[in-house]
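*Asks:* Residues in the sequence shown are numbered from 326 upward in steps of one, following this note's numbering.
For the record, the hints were derived by calculation from the structure and aren't laboratory data.
The structure presented is a predicted model; accordingly, all values stated were derived computationally and were not measured.
Careful, some of the hints might be misleading.
Stated by the list, open to error - With a straight-line cut-off of 27 Å between C-alpha atoms, the simulated DSS-like cross-links for lysine-lysine are:
hint, residue 1, residue 2
1, K522, K730
2, K626, K587
3, K755, K626
4, K522, K626
5, K332, K441
6, K755, K730
7, K730, K626
8, K522, K332
9, K587, K755
10, K626, K763
As the list claims (entries may be wrong) - Cβ pair distances, simulated, as ranges:
hint, residue 1, residue 2, range
11, H713, P530, 42 to 50 Å
12, N396, Q725, 13 to 21 Å
13, R444, R887, 50 to 58 Å
14, S868, E615, 26 to 34 Å
15, T395, S722, 23 to 31 Å
16, Q590, K730, 40 to 48 Å
Using N, Cα and C, we set each Cβ at its ideal position, and we do this for glycine too.
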Amino acid sequence: MPTRAIKAIFFTRFHHEKGSRVLHQVPEGSITPSSSPSALRTPLFDVDAIINTYIIPNQQFCDRLLAFCTNHYRVIGYPVCIREGRYSRNEFIFNFALVVEEGVSDWIAYGEVARKLGRLLRGLEEQGEFLSREEEEGRVWEDDGATGGGGLGDGEGSFGLGGGSKVFALCEMVLEDLNNYAECMIPIDDSNTINLKLFPTRAPPPPIYAHQVPVLTISLSSLHTPISSDLTLNRILPHINGISSVAHIAQLADTDLSLTRKAIQHLVYYGCLVLLDIFSFGAVYAPTAEIGGFVVDESVKEECARYVRVPRMRIGSIKPKLGSVESERSRGGTDERSSISSSSRSQLHSEHTTPSDRAPAPDFSTTSVSWSVRDADSDDEESNAISHMTLITLYTSLRQGLTLKNWVLENVELLGGIDVRRLITFGIIKGFLYRVHKYAIATSTSLPPAPPASLQSVSTSAAVNHNDVSDQATIRGGHLARIPSLVAPTANAFPHPAGERRAEEMVRLNSLVSEEREQGLPLVRFLDGMHCFDEICTELGMSERVVEGKIRGVGEVQVFSR
Numbered sequence: 326m327p328t329r330a331i332k333a334i335f336f337t338r339f340h341h342e343k344g345s346r347v348l349h350q351v352p353e354g355s356i357t358p359s360s361s362p363s364a365l366r367t368p369l370f371d372v373d374a375i376i377n378t379y380i381i382p383n384q385q386f387c388d389r390l391l392a393f394c395t396n397h398y399r400v401i402g403y404p405v406c407i408r409e410g411r412y413s414r415n416e417f418i419f420n421f422a423l424v425v426e427e428g429v430s431d432w433i434a435y436g437e438v439a440r441k442l443g444r445l446l447r448g449l450e451e452q453g454e455f456l457s458r459e460e461e462e463g464r465v466w467e468d469d470g471a472t473g474g475g476g477l478g479d480g481e482g483s484f485g486l487g488g489g490s491k492v493f494a495l496c497e498m499v500l501e502d503l504n505n506y507a508e509c510m511i512p513i514d515d516s517n518t519i520n521l522k523l524f525p526t527r528a529p530p531p532p533i534y535a536h537q538v539p540v541l542t543i544s545l546s547s548l549h550t551p552i553s554s555d556l557t558l559n560r561i562l563p564h565i566n567g568i569s570s571v572a573h574i575a576q577l578a579d580t581d582l583s584l585t586r587k588a589i590q591h592l593v594y595y596g597c598l599v600l601l602d603i604f605s606f607g608a609v610y611a612p613t614a615e616i617g618g619f620v621v622d623e624s625v626k627e628e629c630a631r632y633v634r635v636p637r638m639r640i641g642s643i644k645p646k647l648g649s650v651e652s653e654r655s656r657g658g659t660d661e662r663s664s665i666s667s668s669s670r671s672q673l674h675s676e677h678t679t680p681s682d683r684a685p686a687p688d689f690s691t692t693s694v695s696w697s698v699r700d701a702d703s704d705d706e707e708s709n710a711i712s713h714m715t716l717i718t719l720y721t722s723l724r725q726g727l728t729l730k731n732w733v734l735e736n737v738e739l740l741g742g743i744d745v746r747r748l749i750t751f752g753i754i755k756g757f758l759y760r761v762h763k764y765a766i767a768t769s770t771s772l773p774p775a776p777p778a779s780l781q782s783v784s785t786s787a788a789v790n791h792n793d794v795s796d797q798a799t800i801r802g803g804h805l806a807r808i809p810s811l812v813a814p815t816a817n818a819f820p821h822p823a824g825e826r827r828a829e830e831m832v833r834l835n836s837l838v839s840e841e842r843e844q845g846l847p848l849v850r851f852l853d854g855m856h857c858f859d860e861i862c863t864e865l866g867m868s869e870r871v872v873e874g875k876i877r878g879v880g881e882v883q884v885f886s887r
């Protein structure tokens with residue numbers, strides 16, 4: 326929210342004899358001229374020209390949020406009309422309005438404050454005559470100077486004191502607290518408190534797709550209370566790890582995909598997570614024009630170095646152990662150690678020795694390779710630190726046409742102690758990297774043709790014979806089980822061996838054609854150039870290589886990247 330956005334707050338009343346008047350204004354002189362030493366030289370706008378039309382409008386516009394612009398300022402008010410017999414003309418009309426600059430885009434948040442404040446003051450007036458009581462004391466309608474601070478003297482603004490105006494003090498506190506803290510809590514009496522808060526108006530969240538990967542921007546472990554009571558949300562939160570896609574999360578959490586998408590959309594709306602693409606070493610990444618900001622910003626490079634650094638492994642020596650595995654476990658040493666099986670060790674030994682050197686080797690059934698993880702706070706932390714030039718070199722070497730796998734092979738020496746996935750994720754989140762997606766567009770599709778006419782006639786006659794039998798059974802009141810294939814009816818149609826072979830060939834051909842058509846038809850709807858390969862693979866549950874092979878069989882398809 327912009328700081329010091331509220332330029333003025335004023336309270337306006339309609340008097341049955343004196344008409345509409347501005348009773349209180351903060352700061353002084355912002356709405357009407359004032360003789361106070363701290364008053365503004367000139368008002369922000371001419372209130373006389375609009376007070377009877379927009380500030381104290383007709384009763385049809387009361388209890389509605391009204392906002393209008395004048396002299397490059399936006400006035401936001403909520404006029405209230407209370408109809409009761411104790412008031413003159415049986416009604417009490419007032420408006421508590423806020424003034425902000427016309428260029429404030431998020432003025433709806435201030436409108437909600439004006440709406441809530443108007444309703445709260447209405448309730449206070451109906452309960453204890455909070456607003457009309459100072460009028461009965463004769464303090465605000467004495468003379469024309471009442472349009473300033475309400476005829477207040479030395480006790481001006483002293484909230485709750487006998488010599489001051491509570492309404493004027495309320496205006497001051499609301500203005501200062503909302504401008505400084507975007508919220509306020511003002512006690513009125515022992516049983517009433519005004520609580521206001523500026524809630525920024527957030528843009529509607531984008532649609533959530535099954536192939537997107539959510540990444541949390543908050544730490545769930547730091548929350549003392551559950552983030553929500555929603556059952557779906559509580560089930561999917563443990564599976565949001567920055568790696569699994571939305572479809573995979575729904576599968577792991579055993580939740581409906583549509584409900585999972587709505588829950589993630591709820592988190593995106595409140596800024597609890599961001600959405601990324603599926604990380605793959607076969608993908609292509611390239612820097613954007615924002616890479617220049619990363620090069621010159623030292624704080625972002627320091628943040629990147631801390632985020633992508635991983636502990637280095639220090640490989641220990643191979644020590645064959647003749648004891649049993651149980652004795653090794655009993656001696657401890659399992660905190661930062663791991664063991665390799667004998668088969669892996671034998672394979673490793675055979676790969677690094679020539680046939681003539683393969684002498685009888687000792688028994689490695691209990692051989693272990695140990696390593697220790699270097700602590701980030703150890704003495705050699707500075708030697709393991711990632712230099713800024715290394716990060717710049719790695720990011721700028723990414724380009725279109727170069728897969729991440731080949732990029733890793735080219736820069737394997739610079740990637741020591743760096744998490745490649747975090748390196749790419751950091752660039753995507755900060756906006757100086759983007760994913761190059763692959764799309765497919767079909768210029769012409771050719772689905773598998775129908776079976777030959779001769780086999781179609783055989784299938785038709787077999788189906789007719791089967792239908793006749795079914796009809797006869799229905800007439801007799803009997804019941805026949807559904808036959809899932811064409812083997813049974815065609816066997817009756819061809820009692821000779823040649824006919825049986827022909828029927829079997831027809832069944833196999835039909836099964837192949839139906840299988841190809843079933844696989845080709847769902848794929849055709851993605852071949853319009855609007856669906857990336859990540860989406861196609863996720864929707865069909867296939868790998869990218871399998872999808873590419875099936876695309877070739879659909880027809881003439883052009884694959885492009887963007």
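*Asks:* Now look at each hint and say whether the structure bears it out.
*Replies:* Hints, one by one, checked against the model:
1. K522 x K730: Not satisfied, since the Cα-Cα distance of roughly 50 Å exceeds 27 Å.
2. K626 x K587: violated (35 Å)
3. K755 x K626: holds (11 Å)
4. K522 x K626: Violated - the C-alpha atoms of K626 and K522 are around 36 Å apart, more than 27 Å.
5. K332 x K441: holds (19 Å)
6. K755 x K730: holds (22 Å)
7. K730 x K626: holds (24 Å)
8. K522 x K332: holds (17 Å)
9. K587 x K755: holds (25 Å)
10. K626 x K763: violated (30 Å)
11. H713 x P530: 42 to 50 Å: Since H713 and P530 have Cβ atoms about 35 Å apart, the given range 42 to 50 Å is violated.
12. N396 x Q725: 13 to 21 Å: Violated, since N396 and Q725 (Cβ atoms, about 52 Å apart) do not stay within the stated range.
13. R444 x R887: 50 to 58 Å: holds (51 Å)
14. S868 x E615: 26 to 34 Å: holds (32 Å)
15. T395 x S722: 23 to 31 Å: Violated - the Cβ-Cβ distance for T395 and S722, about 57 Å, lies outside 23 to 31 Å.
16. Q590 x K730: 40 to 48 Å: violated (33 Å)
The structure is inconsistent with the numbered hints 1, 2, 4, 10, 11, 12, 15 and 16, although it conforms to all the rest.
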